[in-house]
Amino acid sequence: MEATLTQADPANLRPARRAAVPSAVLGTLFFVVAEVMFFAGLISAYTISRANQLPGMWPPPGQPALPVGAGAVSTGLLLLSGAALLGAYLVWRRAPARATAPLLGAWLLGLAFVLLQGREWWALLGKGLTLTSSSLGSFFYLIVGGHALHAVGALLVLAWACARQLTGKLSPGLFFGVQTFWYFVVLMWPVIYARVYF
Amino acid sequence: MSSATADAGHGHHDQGFIKKYLWSTDHKVIGFQYLFTGMFMALIGGFTVYVFRMQLAFPGMSVPGFGRVTAHDYNSLVTTHGSVMIFWVAMPVLIAALGNYLIPLMIGCDDMVFPRINRLSYQLFLVSSLVLITSFFVDGGAFGGAWTAYPPLSAKAAYNLTPHGAPLWLVAVALEFVAFLLGGINFITTVMNSRAPGMKMFDVPIVVWMIVIASIVFMASVGPLVAGAVMLLFDQTVGTGFFDPSRGGDPVLWQHLFWFFGHPEVYVVLLPAMGIVAEIITVFSRKKLFAYKTVLYTAIGTGVLSFFVWAHHQFVAGIDPRMANIFSVTTLLISIPVAEMVFVYIATLYGGSIRLTTPMLWALAFIGEFLIGGVTGIFLGASGSDIYFHDTYFVVAHFHYTFFPIAFIGSFAAITYWFPKMFGKMLNETWGKVHFWGTIIAFNFIFIPLFLTGARGDHRRIYDYTHFPDLMKAGMQEMRVLATLALVVLLAFQVVFLVNFFYSLVKGKKAEQNPWKANTLEWVAASPPPHGNFPELPTVYRGPYEYSHPEAKDDYWPQNQPPQTA
Numbered sequence: 019m020e021a022t023l024t025q026a027d028p029a030n031l032r033p034a035r036r037a038a039v040p041s042a043v044l045g046t047l048f049f050v051v052a053e054v055m056f057f058a059g060l061i062s063a064y065t066i067s068r069a070n071q072l073p074g075m076w077p078p079p080g081q082p083a084l085p086v087g088a089g090a091v092s093t094g095l096l097l098l099s100g101a102a103l104l105g106a107y108l109v110w111r112r113a114p115a116r117a118t119a120p121l122l123g124a125w126l127l128g129l130a131f132v133l134l135q136g137r138e139w140w141a142l143l144g145k146g147l148t149l150t151s152s153s154l155g156s157f158f159y160l161i162v163g164g165h166a167l168h169a170v171g172a173l174l175v176l177a178w179a180c181a182r183q184l185t186g187k188l189s190p191g192l193f194f195g196v197q198t199f200w201y202f203v204v205l206m207w208p209v210i211y212a213r214v215y216f
Numbered sequence: 018m019s020s021a022t023a024d025a026g027h028g029h030h031d032q033g034f035i036k037k038y039l040w041s042t043d044h045k046v047i048g049f050q051y052l053f054t055g056m057f058m059a060l061i062g063g064f065t066v067y068v069f070r071m072q073l074a075f076p077g078m079s080v081p082g083f084g085r086v087t088a089h090d091y092n093s094l095v096t097t098h099g100s101v102m103i104f105w106v107a108m109p110v111l112i113a114a115l116g117n118y119l120i121p122l123m124i125g126c127d128d129m130v131f132p133r134i135n136r137l138s139y140q141l142f143l144v145s146s147l148v149l150i151t152s153f154f155v156d157g158g159a160f161g162g163a164w165t166a167y168p169p170l171s172a173k174a175a176y177n178l179t180p181h182g183a184p185l186w187l188v189a190v191a192l193e194f195v196a197f198l199l200g201g202i203n204f205i206t207t208v209m210n211s212r213a214p215g216m217k218m219f220d221v222p223i224v225v226w227m228i229v230i231a232s233i234v235f236m237a238s239v240g241p242l243v244a245g246a247v248m249l250l251f252d253q254t255v256g257t258g259f260f261d262p263s264r265g266g267d268p269v270l271w272q273h274l275f276w277f278f279g280h281p282e283v284y285v286v287l288l289p290a291m292g293i294v295a296e297i298i299t300v301f302s303r304k305k306l307f308a309y310k311t312v313l314y315t316a317i318g319t320g321v322l323s324f325f326v327w328a329h330h331q332f333v334a335g336i337d338p339r340m341a342n343i344f345s346v347t348t349l350l351i352s353i354p355v356a357e358m359v360f361v362y363i364a365t366l367y368g369g370s371i372r373l374t375t376p377m378l379w380a381l382a383f384i385g386e387f388l389i390g391g392v393t394g395i396f397l398g399a400s401g402s403d404i405y406f407h408d409t410y411f412v413v414a415h416f417h418y419t420f421f422p423i424a425f426i427g428s429f430a431a432i433t434y435w436f437p438k439m440f441g442k443m444l445n446e447t448w449g450k451v452h453f454w455g456t457i458i459a460f461n462f463i464f465i466p467l468f469l470t471g472a473r474g475d476h477r478r479i480y481d482y483t484h485f486p487d488l489m490k491a492g493m494q495e496m497r498v499l500a501t502l503a504l505v506v507l508l509a510f511q512v513v514f515l516v517n518f519f520y521s522l523v524k525g526k527k528a529e530q531n532p533w534k535a536n537t538l539e540w541v542a543a544s545p546p547p548h549g550n551f552p553e554l555p556t557v558y559r560g561p562y563e564y565s566h567p568e569a570k571d572d573y574w575p576q577n578q579p580p581q582t583a
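The listed protein sequences correspond, in order, to chains A and B.
Here the first sequence stands for residues 19 to 216, numbered as in our numbering.
Here the second sequence stands for residues 18 to 583, numbered as in our numbering.
Warning: the hint list may mix true and false statements.
What the hints assert, rightly or not - Not everything, but these chain A residues come out facing chain B in the computed CB check (under 10 Å):
{"#": "1", "residue": "L44"}
{"#": "2", "residue": "A52"}
{"#": "3", "residue": "E53"}
{"#": "4", "residue": "V54"}
{"#": "5", "residue": "F57"}
{"#": "6", "residue": "T150"}
{"#": "7", "residue": "F157"}
{"#": "8", "residue": "L160"}
{"#": "9", "residue": "V209"}
{"#": "10", "residue": "I210"}
To be verified - Far from chain A, by Cβ distances over 12 Å, these chain B residues were calculated:
{"#": "11", "residue": "F53"}
{"#": "12", "residue": "F235"}
{"#": "13", "residue": "G368"}
{"#": "14", "residue": "I371"}
Rather than coming from a laboratory, the hints here were simulated on the basis of the structure.
These numbers come from a predicted model, not from an experiment.
C-beta: ideal position from N, C-alpha, C; glycine also.
Chain A extracted, bound-state conformation (with noise of 0.2 Å):
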């Protein structure tokens, strides 16, 4: 870095490029794209093997129902998280100091949907249905267990904004980057909802 200064006057460097998009936003939305096509390979993947199977045998003989009502509080839960998070932004684009509240109740009403769901993980396992019991278990684990791992690794990150926010230094590049990833694990989920749980 030291390098550029000493070689480029300060006095000659170009006025600072004004991005249409931050770059901050459009990498993470590429990264979006690459994660929506890696949800969809294995959703692709669920509904053809349920469409594979023989007559009456699906839901797998023997295994569990999957909990839609608890699945449907969870994707309330979820949902609300992302509306907070928006509500966040628009207060933190006029007031930053502010914006604290609506940024912590984002991040509570996620970790609640993470716990919601461990619960349910929990009670299913009790039940019989597991990784290798049949088809549906695989097939339930991976995809749902593949968007709970974003959802936690989205919670950490949403975490260290907020510990930004309290120190009053959340730099709009961790916002916007942060914001675009959360609204992809929420929105990922009602689609994961609709076609796994059904």
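With the hints as your guide, set chain B onto chain A.
Chain B alone, transformed into the frame defined by chain A:
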């Protein structure tokens, strides 16, 4: 790497060797890391093919440098050759090395927008290479389920006999994709947001466009393969049955997930090679690129179409014949934009003052040899003839007539063309031409015989043909021997390249700033460019291909030269 690569701008800020070459965030150093890792992996890919081709030509003999090849070794060698050449040579050299090196220089900025993500990308790639190399030495040896890893062969250790090699191979491939994903995000974002002032969309050099389009195609296609890789890894290690029909799974599902990535992947590596050729033929025919926008739009068209052709790999895998018809049509369609690009390049050459330098020879050879690969692909894209040709050496020869021009002819064109910029030294032209002719002639002598044996039904997955009297009939074994001898000649000529490369690196003639008299911005920087690239960041006034323009005083007109001084 010699003295001056990164010293010039540093003065007393000189970093140590590790900081400068192994832990750098400089896009040029990361490009070199990819280049040299790719070149090293190419040696592995070359050695494996030498060993198994010797076994095919002289079954049962002790191969010099390896020993007797067992059937088990043979599977591992073929798998390693395929995976290494595509994932660890073509991808890192064509996209990662050249993309990293060229993009910031050609669009006139000082570095990538995410330099630390860029460094992470190379480090992940290095780890993936090390994981792959480790898998050669574990119990059971390297993965032996072919580079396409079809289950059930790849899913069950009882079938592929490589219980540790198989999961390690999958982990290595997955890591490598993450590395290129991070690299690709950087490429696209940098080109979108860091172009020099004045550089509009149609002033971006074609090779940069091609790398960007290839990165987008890669990012949109890699997801399903990673999904499939996770499923296959679970089948191998945890005991799930995603691809096991006896447990409700479907082995053909893997083929869809694999080829949904695998076919776009062909265009991911083809497009950068096409871009390199576009740069070189304009410079060495001193003529404006014929139909810049046509090249750009056909490249985008190729990228889009490449998502709708994958099932032509599965015509005999039991897919619905109605689906085979659709995929035959899309596959034949995709030859149109690619042919269009080739026509545009020929039109660019027409009437130019052509200079047959080494890079130009490589670029011209690319057009000719790739054309043979494309034309023979028609037979495989049409489902009727594919049923006969499937799994014969005709497929192998076709595939290598596309991939060798892409991965090697394209890379040699790029390395010989940008070497003066990269290292500040000129390559030796005479030895460059010796290497060129030795490689090209030998290459044709490898694969034309394989087209002929393939057309006579020579099956590609056989370890020792002496057990198959029908495939040993008049002339068949002679063809195999001819192909193998030509391969040995081709490999021997690569020594010429390596000696020329490293000798010129140290003792070569010093390169000027713009030895080829080219227009694009990388030639504005010093040779080699210091850390930070440009003494003063350039402003762009025109497109990249204004050669022999009537208003310019020279036969070239650099992009950054203000109009009034012309």
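Quiz item: Broken hints, numbered, in rising order?
Solution: 9, 10, 12
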